[in-house]
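Asker: Read off the chains here:
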Amino acid sequence: DAMVIQNPRYQVTQFGKPVTLSCSQTLNHNVMYWYQQKSSQAPKLLFHYYDKDFNNEADTPDNFQSRRPNTSFCFLDIRSPGLGDAAMYLCATSRVRLAGVNEQFFGPGTRLTVL
Amino acid sequence: SQQGEEDPQALSIQEGENATMNCSYKTSINNLQWYRQNSGRGLVHLILIRSNEREKHSGRLRVTLDTSKKSSSLLITASRAADTASYFCATAKAAGNKLTFGGGTRVLVKP
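Those protein sequences? They're chains A and B, same order as listed. Here the first sequence stands for residues 1 to 115, where the numbers follow the working numbering. Here the second sequence stands for residues 1 to 111, where the numbers follow the working numbering.
These are calculated hints, taken from the structure and not from any lab test. Just so we're clear, the structure is a prediction, and the values are computed from it rather than from any experiment. Keep in mind that the hints are not guaranteed to be accurate.
Said to hold, decoys possible - Distance windows between CB atoms, simulated:
| hint | chain 1 | residue 1 | chain 2 | residue 2 | range |
| --- | --- | --- | --- | --- | --- |
| 1 | A | Gln14 | B | Asp66 | 46 to 52 Å |
| 2 | B | Gln9 | A | Leu83 | 23 to 29 Å |
| 3 | B | Glu5 | A | Gln14 | 45 to 51 Å |
Claimed, not checked - Here are the computed lysine-lysine pairs in the PhoX-like style, where the Cα-Cα straight-line distance is at most 25 Å:
| hint | chain 1 | residue 1 | chain 2 | residue 2 |
| --- | --- | --- | --- | --- |
| 4 | B | Lys26 | B | Lys98 |
| 5 | A | Lys38 | B | Lys69 |
| 6 | A | Lys44 | B | Lys93 |
| 7 | B | Lys110 | A | Lys44 |
| 8 | B | Lys26 | B | Lys93 |
| 9 | A | Lys38 | A | Lys17 |
| 10 | B | Lys98 | B | Lys110 |
| 11 | A | Lys52 | B | Lys56 |
| 12 | B | Lys110 | B | Lys93 |
| 13 | B | Lys69 | B | Lys26 |
| 14 | B | Lys70 | B | Lys26 |
| 15 | A | Lys44 | B | Lys70 |
| 16 | B | Lys93 | B | Lys56 |
| 17 | B | Lys110 | B | Lys69 |
| 18 | B | Lys110 | B | Lys70 |
| 19 | A | Lys52 | B | Lys98 |
| 20 | B | Lys56 | B | Lys98 |
| 21 | B | Lys56 | B | Lys69 |
| 22 | A | Lys44 | A | Lys17 |
| 23 | A | Lys38 | B | Lys26 |
| 24 | A | Lys17 | B | Lys93 |
| 25 | B | Lys70 | B | Lys93 |
| 26 | B | Lys69 | B | Lys98 |
Where is the CB? At the ideal position from N, CA and C, for every residue including glycine.
Bound conformation, chain A alone:
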């Protein structure tokens, strides 16, 4: 089945130790998104790729970086995780056409714990 896969599902890291979260998709969608979601809050968009074009949100900290080496894969790098970065990180994809945003397909998320 076509899907969005996130690995690992749970990630524990130490304060200040770089960590990478990964996302892959078999949907062949042109847009991939990374969201941060804290407990009982709405998902907050960090950045997205439209094909190879990277689009950063204005309030995304520099501590967060992303890479999309090909259509199928996208990575979220947190260079120096702080306690406040503990959250669920959600990857999503969409096939965006000229008419505007269509539905997004989400992965199961990676729960990040920072010790």
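With the hints as your guide, set chain B onto chain A.
Answerer: Only chain B this time, still in chain A's reference frame:
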């Protein structure tokens, strides 16, 4: 800042009852979408309603959109325990590739 605000923040009902939740937004939109999120999981798309549509149905779901009031509602009829989840509205503008999510409504359906 969030585009959408949802009301109520939490809802508790008995199985078989209907659940209604509302979403308000601030700027012009191309479409509005509703998503469900089970605890600790990713979001699942439920329904999309375009700005030129007023009502849409999908199974036990009914969505309305009032662009003059900048509001939408999601009705779940004949609720089941499996409907227990958080429900988010999300708006898409005419330009760009992004969704802006509301704060969500936590729904508890008691068996």
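Asker: Please go over all the hints and tell whether each is borne out by the structure.
Answerer: Tested hints:
1. Gln14/A - Asp66/B: 46 to 52 Å: 50 Å, holds
2. Gln9/B - Leu83/A: 23 to 29 Å: Given a distance of about 26 Å, which is inside 23 to 29 Å, the answer is holds.
3. Glu5/B - Gln14/A: 45 to 51 Å: Violated: the Cβ-Cβ distance is about 37 Å, outside 45 to 51 Å.
4. Lys26/B - Lys98/B: Between Lys26/B and Lys98/B the Cα gap is close to 15 Å, so the pair holds against 25 Å.
5. Lys38/A - Lys69/B: 30 Å, violated
6. Lys44/A - Lys93/B: Holds, at roughly 16 Å.
7. Lys110/B - Lys44/A: 30 Å, violated
8. Lys26/B - Lys93/B: Roughly 11 Å separates the two Cα atoms, so the pair holds.
9. Lys38/A - Lys17/A: Roughly 20 Å separates the two Cα atoms, so the pair holds.
10. Lys98/B - Lys110/B: Answer violated: Lys98/B to Lys110/B is near 35 Å, above 25 Å.
11. Lys52/A - Lys56/B: The given pair, whose Cα atoms are some 35 Å apart, is violated under the 25 Å limit.
12. Lys110/B - Lys93/B: Between Lys110/B and Lys93/B the Cα gap is close to 36 Å, so the pair fails against 25 Å, i.e. violated.
13. Lys69/B - Lys26/B: It holds: about 9 Å lies between the C-alpha atoms, which stays within 25 Å.
14. Lys70/B - Lys26/B: Status holds; Cα separation ~7 Å.
15. Lys44/A - Lys70/B: 21 Å, holds
16. Lys93/B - Lys56/B: 19 Å, holds
17. Lys110/B - Lys69/B: 32 Å, violated
18. Lys110/B - Lys70/B: 31 Å, violated
19. Lys52/A - Lys98/B: Holds, at about 16 Å.
20. Lys56/B - Lys98/B: 22 Å, holds
21. Lys56/B - Lys69/B: 17 Å, holds
22. Lys44/A - Lys17/A: Satisfied, since the Cα-Cα distance of roughly 23 Å is no more than 25 Å.
23. Lys38/A - Lys26/B: Distance of about 23 Å is within 25 Å: holds.
24. Lys17/A - Lys93/B: With a Cα-Cα distance of about 37 Å, the restraint between Lys17/A and Lys93/B is violated, given a limit of 25 Å.
25. Lys70/B - Lys93/B: Measuring from Cα to Cα gives roughly 13 Å; hence the hint holds.
26. Lys69/B - Lys98/B: 22 Å, holds
In this structure, the earlier hints numbered 3, 5, 7, 10, 11, 12, 17, 18 and 24 are contradicted, and the remaining ones agree with it.
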